[in-house]
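**Q** Residue-level listing of the chains:
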Amino acid sequence: MDASQAVTAIYERHALGLTRLAFLMLGDRQTAEDVVQDAFCGLYRAWDRMSDHAHALGYVRSSVLNGSRSELRRSRRVPRPLAVPAAASAEAAVLAGERQRETVAALRRLPPRQREAVVLRYFADLPEQETALAMGVSLGTVKSTTSRALAALARMLQEEP
Amino acid sequence: MTQLEDRLRTDMRTESEQIEPGSIPALQLPPRARPVGTPRRRGPRHWPAWVTALAAAAAVTAVIAGTFLVAHTVSRSGPAPSATGGPPVSGIPPYYAYAVQGSTYSGTVHGTQYGDSVIARYVTIRATASGKLLRTVSPPAPYNAFESFAGAANGRTFVFAANRYRYTKTGNEYYKLDQRTPLKFMILRITPSGHTQLSPLSLPRTLTEAQAPTLALSPDGAKLAVAYGGSGKPAVVQVITLASGQMRQWTSPPPAATPVLGGPGAWTSDGRTLALGQMSIQPGGVIRTAPTQMRLLNTTAPGMNLAAASKLVTLHAAGSFPWPFITPDGTKLIGETGHRPARPGTTTESGALGVYSARTGTLLQVIGRWQQHGRGPRFFNQAHQTVVWSNPSGSRLIVEMPRGKLNEVGILTADKFTPLAHVPQAPLLNAINSGGYQTSGGYVGFAW
Numbered sequence: 001m002d003a004s005q006a007v008t009a010i011y012e013r014h015a016l017g018l019t020r021l022a023f024l025m026l027g028d029r030q031t032a033e034d035v036v037q038d039a040f041c042g043l044y045r046a047w048d049r050m051s052d053h054a055h056a057l058g059y060v061r062s063s064v065l066n067g068s069r070s071e072l073r074r075s076r077r078v079p080r081p082l083a084v085p086a087a088a089s090a091e092a093a094v095l096a097g098e099r100q101r102e103t104v105a106a107l108r109r110l111p112p113r114q115r116e117a118v119v120l121r122y123f124a125d126l127p128e129q130e131t132a133l134a135m136g137v138s139l140g141t142v143k144s145t146t147s148r149a150l151a152a153l154a155r156m157l158q159e160e161p
Numbered sequence: 001m002t003q004l005e006d007r008l009r010t011d012m013r014t015e016s017e018q019i020e021p022g023s024i025p026a027l028q029l030p031p032r033a034r035p036v037g038t039p040r041r042r043g044p045r046h047w048p049a050w051v052t053a054l055a056a057a058a059a060v061t062a063v064i065a066g067t068f069l070v071a072h073t074v075s076r077s078g079p080a081p082s083a084t085g086g087p088p089v090s091g092i093p094p095y096y097a098y099a100v101q102g103s104t105y106s107g108t109v110h111g112t113q114y115g116d117s118v119i120a121r122y123v124t125i126r127a128t129a130s131g132k133l134l135r136t137v138s139p140p141a142p143y144n145a146f147e148s149f150a151g152a153a154n155g156r157t158f159v160f161a162a163n164r165y166r167y168t169k170t171g172n173e174y175y176k177l178d179q180r181t182p183l184k185f186m187i188l189r190i191t192p193s194g195h196t197q198l199s200p201l202s203l204p205r206t207l208t209e210a211q212a213p214t215l216a217l218s219p220d221g222a223k224l225a226v227a228y229g230g231s232g233k234p235a236v237v238q239v240i241t242l243a244s245g246q247m248r249q250w251t252s253p254p255p256a257a258t259p260v261l262g263g264p265g266a267w268t269s270d271g272r273t274l275a276l277g278q279m280s281i282q283p284g285g286v287i288r289t290a291p292t293q294m295r296l297l298n299t300t301a302p303g304m305n306l307a308a309a310s311k312l313v314t315l316h317a318a319g320s321f322p323w324p325f326i327t328p329d330g331t332k333l334i335g336e337t338g339h340r341p342a343r344p345g346t347t348t349e350s351g352a353l354g355v356y357s358a359r360t361g362t363l364l365q366v367i368g369r370w371q372q373h374g375r376g377p378r379f380f381n382q383a384h385q386t387v388v389w390s391n392p393s394g395s396r397l398i399v400e401m402p403r404g405k406l407n408e409v410g411i412l413t414a415d416k417f418t419p420l421a422h423v424p425q426a427p428l429l430n431a432i433n434s435g436g437y438q439t440s441g442g443y444v445g446f447a448w
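The listed protein sequences correspond, in order, to chains A and B. For the record, in the first sequence the residue sitting at position 26 is 26 according to our numbering, with numbers rising by one throughout. For the record, in the second sequence the residue sitting at position 52 is 52 according to our numbering, with numbers rising by one throughout.
Just chain A, same shape as in the assembly (with noise of 0.2 Å):
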């Protein structure tokens, strides 16, 4: 299998979920779009230097959150619309939007390394050794930078951390 095959093969196993990871730290579906593009093209470019094609995921995840933060740093963008479904008549579903919308409201609010912790961890379901892996930081770090993004997050949305 090429360089092409093989970074083709690794986009269509797991393109949605690292196009759903940006769009949760730019909020914006275009841009996480153009960001695992990028990533993958860097994928692709890098891949003869690569000394092990194991950890292809990991490298694209972190050129993925790479991208995430120099798009957030180079646009410095008015906070996204929240992309709630317009909720019908349903109390129910109204409810369910209005929680959903606070969360991801929240969420926003944090700064970009807690927000991606909190993705990396509650969303793609890292353990911590993948998630400071793919922060490029330690394993203490990612720990602090939860606990400190999770207490935020609690005083947003009035919940126990």
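Treat the hints as calculated values from the structure; they're not laboratory data. Take the hints with a grain of salt, since some may be wrong.
[What the hints assert, rightly or not] No more than 20 Å apart at the CA atoms, straight line, and that leaves these computed lysine to aspartate or glutamate pairs for DMTMM-like:
(1) LYS143(A) to GLU128(A)
(2) LYS233(B) to ASP270(B)
(3) LYS143(A) to ASP6(B)
(4) LYS233(B) to ASP220(B)
(5) LYS143(A) to GLU5(B)
(6) LYS143(A) to ASP125(A)
Given the coordinates of chain A, work out where chain B should sit on it, guided by the hints.
**A** Just chain B now, with coordinates in the frame of chain A:
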């Protein structure tokens, strides 16, 4: 797991599921610079000593020049356009601007969601041949939207006008487009090597959203035309030379139609003639177009009277198109004609482009015919054809036109339509501005 962690998991998952399986675009890998297996060139390079010294001096100069550039503009390097452009993309603008997302600011009041359409939250510049992202342009804070932008026919110069949506709770509106804050203009230039330079652009006169100006860049990107007013106010057309800030202005007192510029199709290639549509906005905001007339302004003629400096061309058998497109050689006007929207009880909609003589307004040719058989009248009633680029004579066009369930962007030659592979397509659309359309999910705009 705590209650908060559980909530985070659930809500993030629900939020992310807006991106549905199967909706992710295919991976576009770049061409490889060096074929796999080709060894790198090794060994010392044999340059004369004077070349080395010159290179060192040039490097210092480049650093100084680069520092100066960064201090005055926001510059970023980018990839050159792909070399993979085949016959369909050769000779057409190398880059296009794409008004991404065009999402809505939305809010929920008592369980009902309200939103305001935004033409572009930000714009990406992409290579026509490959779709490769070259640059993202966002409005500078506190601005948060682009309501209009224009591209030069050379595909290397773009002007953006940033607007501001302000939070409001008036009635059902959550956000409102600020009518009074001066529009903020930015200009993006792409160098032959594929580098981008983004700079603020000062215009001699302040423009606001209340004036609803339309823009058009001259083919070489050196002049910006701005048109506004009319419909009870004086009609105003300005042409600004960007390098010097020098401005010429033509006006017509009321009653005058609103002059409308159609982006790159507004200028002839010699930069002399400007084609203006005529629109009449009635009290209450009802828009009536005057589709049978176009105004051709000679921008080199003396005087400031719009009517005296221009010629009205009556188009025979024209459809309803307020956005004029004049071919670069100035001989033809092109626009939608014979558009037959689906009538109640029918499921067929059809249309075509009319090519008219710019001198007499006579219909010369009908091209790009299309017909759709839908599932119901509602299915097609947002379909439109728009020309966004033309070669000098009008024999090769870039158009968006209805195809299947999409409005596709492609090249139209001698009634043959070839979609452009790396330009995003959109589901049913609503023509808003030259080369732009609105989908149910947002606005997609093109400025070539």
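**Q** All the hints need checking, so say for each whether the structure fits it.
**A** Results for each hint:
no.: 1; hint: LYS143(A) to GLU128(A); result: 7 Å, holds
no.: 2; hint: LYS233(B) to ASP270(B); result: 31 Å, violated
no.: 3; hint: LYS143(A) to ASP6(B); result: 18 Å, holds
no.: 4; hint: LYS233(B) to ASP220(B); result: 31 Å, violated
no.: 5; hint: LYS143(A) to GLU5(B); result: 14 Å, holds
no.: 6; hint: LYS143(A) to ASP125(A); result: 14 Å, holds
The structure fails hints 2, 4 (numbered hints given earlier, in ascending order).
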